[in-house]
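Student: Sequence:
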Amino acid sequence: MTKADALPLSSPLRTRLRALAPLSGAEMQALAAAERDQRRWPARREMIAEGAPITQARAIVSGWACRQRILPDGRRQILDFLLPGDLIGVSPLSNPLAPATILAVTEVVTCALPAAAAGMPGLSHAYTVSAALTELYTLAQVTRLGRLSAQERLADWLLETRDRLALAGQTVGDNLPVPLTQELLADALGLTSVHVNRTLQSMRRDGLLAGRSGMFLLADRQRLEILAGYRSARVTADTEP
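Residue numbers (UniProt numbering): 1 to 241.
For the record, the hints were derived by calculation from the structure and aren't laboratory data.
None of these values were measured; they are calculated from a predicted model.
Quick reminder that beta carbons are idealized off the backbone N, C-alpha and C, glycines included.
Be careful, since some hints might not be right.
What follows is a list of derived Cβ distance ranges for each label pair [what the hints assert, rightly or not]:
(1) R40 / R147: 36 to 42 Å
(2) P99 / T128: 14 to 20 Å
(3) P121 / T55: 35 to 41 Å
(4) R44 / L145: 20 to 26 Å
(5) L145 / A33: 21 to 27 Å
(6) G173 / L145: 26 to 32 Å
Produce the entire structure from the sequences given, and follow the hints as far as they go.
Tutor: Right, here's the structure in full:
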């Protein structure tokens, strides 16, 4: 464990949760205090194994992780990526088990997540909205893998990732950091690395995407949205997201 000597005025975790629900000053202070007690995970390190007990809810302070399942023959399906500000292990169950293995894709920093104690309704609501969003992202992943073409899968995933990063203050316009290899993208999108490479090249030629080396520019977001039939995630009729 390491103690952060000083914290910025905001962070992906606080930015994201404050976007999901109004938070009081005390709730923001509780989050800031939790972020001082951090744990670092090297890239490619298993953070928790499928079926292992989740002893403490945590949040991603920085870095990218993924939830994955490995088949008996060694093939991998990446179920989703965990981004800065995302929550891990928030469950109404008293002794939850990890539904999938969590792997650090880059170096990852996590912190313990403060309990939504009495007098902290904002945190409780933010955790509930976050869980609802996770369910929506899971349904979107099922649809991507089951019905979309390679171009549609990439477009839909990039648009969703852009929205998720923006929620935590991690984008600049339509530029988004994506520290993933084509192999990781392939395992997330049910494609081969070669297919991902060819699809990315085609989308760049068509003026849909630009950028390289871990940074994507959604060069024509409107066309990407039409291509994928994309709609931003909403979990209630009267609030965003």
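Student: Each hint needs a verdict: does it hold in this structure or not?
Tutor: Against the structure, the hints:
At roughly 39 Å, the beta-carbon separation of R40 and R147 lies within the given 36 to 42 Å, and the hint holds. Against the hinted window of 14 to 20 Å, the Cβ-Cβ separation of P99 and T128 comes to about 18 Å, which satisfies the hint. The beta-carbon spacing between P121 and T55, approximately 25 Å, falls outside the hinted interval of 35 to 41 Å. Under the hint 20 to 26 Å, the C-beta atoms of R44 and L145, about 24 Å apart, fit the expected range.
For L145 and A33, the Cβ-Cβ distance of about 40 Å falls outside the hinted range of 21 to 27 Å, so the restraint is violated. The beta-carbon spacing between G173 and L145, approximately 29 Å, falls within the hinted interval of 26 to 32 Å.
When held up to the earlier numbered hints, the structure conflicts with 3 and 5 and fits the remainder.
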